[in-house]
Amino acid sequence: MPIDYYLNIAASGLLTGLVYGLAALGLSVIFGVVRVVNFAHGEMMVAGMYGAVLLGGWIGLDPLLSAPIMAVLLFACGWLLQRGLVNKFVERPEHMQFILLLGIATILVNAMLMLFGPDARNVQVPYSFDTVEIGSMLLDAVRLRAGAAAIVVAAALFAFFRFSRTGKAIRACADNPLGARVVGLNIDGLYALTFGIGAAVVGVAGALMTLLVDARPQLAPEYTLLSFIIVIVGGLGSLPGALLGGVLIGMSEALAGFLLTPSLKSLFSYGVLIVVLLLRPQGLLGKRS
Amino acid sequence: MSGFSGMPFFGLTGRGMVLLVLAALGLAVAPFVADRYLVSVLTTVLWFAYVGQAWNVMMGFSGLLSLGHALYVGLGAYVSAALFVHFGIGPWAGMVLAMLVAVAAGCIIGFLGFRFGVKGVHFALLTIAFAEVARIGFDHITWVGGSGGFFLPVEAGASDPLNLRGSPMLFYYVALALVVAALLLSRALLHSRLGYQWLAVREEPDAAEASGVDLFRARMTAVAVSSALTALGGVFQAFYFNNLFPEQVFSMGRSIEIILPAIVGGIGTLIGPILGAFILTPLGEVLTFLIEAGGLDLPGLKQLFYGAALVAIVVFRPEGVWPWLARRLRLVRQPGDFRQPGEGA
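So the protein lines, in turn, are chains A and B.
Just so you know, our numbering puts the end of the first sequence at 289, numbered straight through with nothing missing.
Just so you know, our numbering puts the end of the second sequence at 1345, numbered straight through with nothing missing.
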């Protein structure tokens, strides 16, 4: 049945898209609050991937269990980065921020190239080749787990921003930095916290991604651009938008890779990006500023 | 703009002029005294200085951040190479079409971006998106070799300046001519009505519009000039290296290499992109040499250092090296003229 075929591919794309969406969520959180575009986002994601690969190689840890460890590590890195460098650039012109993070991205990706080499590395899990039958669809076990984990982390993030005091304070910062400062919020501290959270989220996304894709340094700029595309498609600063964008891009990639040729799949994503930028520059779920 | 007008030599002091003349003389005679290796390094320096100048027209003069200039390099390179290989049309004629194609691409991006109000970060992403689309697209155009690369015929010892075939010295002087021409053109533009409009649009778009500047037209002309100049850099690249691969020519990394000279030297300044190229390329060569001499064969070490240099410059010399150097060594009369785009009046 050809229709089952398409459904199967769309469902796989959706699950991959959830991990993409999680990565983009990190970018969206940082941009929405700190107003800095993290040009080193894909590099952080690949750092998360290598972390999971190393932990998997050393102690045979499942990437799903490496994910929280990578979250803690990348939180620390993001926090330090914001405190040490990015905070000085918050008020600077956009192109300066771009260049700073571009420099950081270049350092990160080449450090990984030097440490791990250009070859692809992966994690062995016992369920690598398992499939799960859902109705008439056959889905990879790795994909299902990665997608489910992405949903859990995203839900935790939503809950944090919705219900916790710190989360509310961060949202206040995003809505009105001056007002937030007036009521006594520690803006610089919250910015560092936010950058840390964004980095942690993308670190988790990276760890989950090792279930689906082999880690290579060259993936980093691709994932940076992919996260940008997703965030813009979904709407900069909109958290549900980032997830929706991720799912859309994941599904369109999967279908384009199947219908056309795999090498053309990212062309499709860029096409979606250009159309959205032109017709709805604020993104699908974004608010007009 | 009292700082520029009436000063034939870019507002340079006597000391600055002496240095400029010495540098020009040095570059003019360099191929006769330097060895092959040095000439090839200098040619690369001049190429990056030139495309840096071309990018500077958009970002430096008009405040439009393009992170996809590899698109114009690639279009210029592929159009001129295809004309030469498939139709036997030489680069001096082919560059006209190459520039037209690049300008058309620039105008499409500009039109879409400016008409739909795509600004700042979003505009930069739009430029990246188009460059990436071109990269992936050219991977699949078999007429120009696809991802396997497109090669220009090379004859050893050929000397045919009419088809831009010849010795490294020929290419060196062509590159030098491009840089000098771009410098004079940039200067003429900055002093023209259009140039003042660009600066006004860069500093305060709203105020510029209120005083009668057509924002759309000013920005479109900036994109057109910048893309046309950049395409010439592409023509040069095609005939100098004789091979084109979409993964290199249109890559994001190439776009970044193009913007670095102006950023390091000083965005929006005339000398900045040239100085920046003279810092970056030799720095890269020295690094390569040191890495090889140290026996460290680590791929990525050089780029790592580049990234660190980028961070150091943007942290410590955010306005670029040239404005700072010019002030410290008293090479210019009015240091107040060096303002960064986006910092307001």
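Don't take each hint at face value.
[Claimed, not checked] Cut-off 30 Å, straight-line C-alpha distance, at most; resulting in silico cross-link-like pairs (BS3-like, lysine-lysine):
{"#": "1", "chain 1": "B", "residue 1": "1302", "chain 2": "A", "residue 2": "88"}
{"#": "2", "chain 1": "A", "residue 1": "265", "chain 2": "B", "residue 2": "1119"}
{"#": "3", "chain 1": "A", "residue 1": "265", "chain 2": "A", "residue 2": "168"}
{"#": "4", "chain 1": "A", "residue 1": "88", "chain 2": "A", "residue 2": "287"}
{"#": "5", "chain 1": "A", "residue 1": "168", "chain 2": "A", "residue 2": "287"}
{"#": "6", "chain 1": "A", "residue 1": "287", "chain 2": "A", "residue 2": "265"}
{"#": "7", "chain 1": "A", "residue 1": "287", "chain 2": "B", "residue 2": "1302"}
{"#": "8", "chain 1": "B", "residue 1": "1302", "chain 2": "A", "residue 2": "168"}
Worth flagging that the hints you see were computed from the coordinates, not collected in a lab.
A quick look at each hint next to the structure:
no.: 1; hint: 1302(B) with 88(A); in the structure: holds, 27 Å
no.: 2; hint: 265(A) with 1119(B); in the structure: holds, 27 Å
no.: 3; hint: 265(A) with 168(A); in the structure: violated, 39 Å
no.: 4; hint: 88(A) with 287(A); in the structure: holds, 28 Å
no.: 5; hint: 168(A) with 287(A); in the structure: holds, 19 Å
no.: 6; hint: 287(A) with 265(A); in the structure: holds, 29 Å
no.: 7; hint: 287(A) with 1302(B); in the structure: violated, 42 Å
no.: 8; hint: 1302(B) with 168(A); in the structure: violated, 44 Å
The structure fails hints 3, 7, 8 (numbered hints given earlier, in ascending order).
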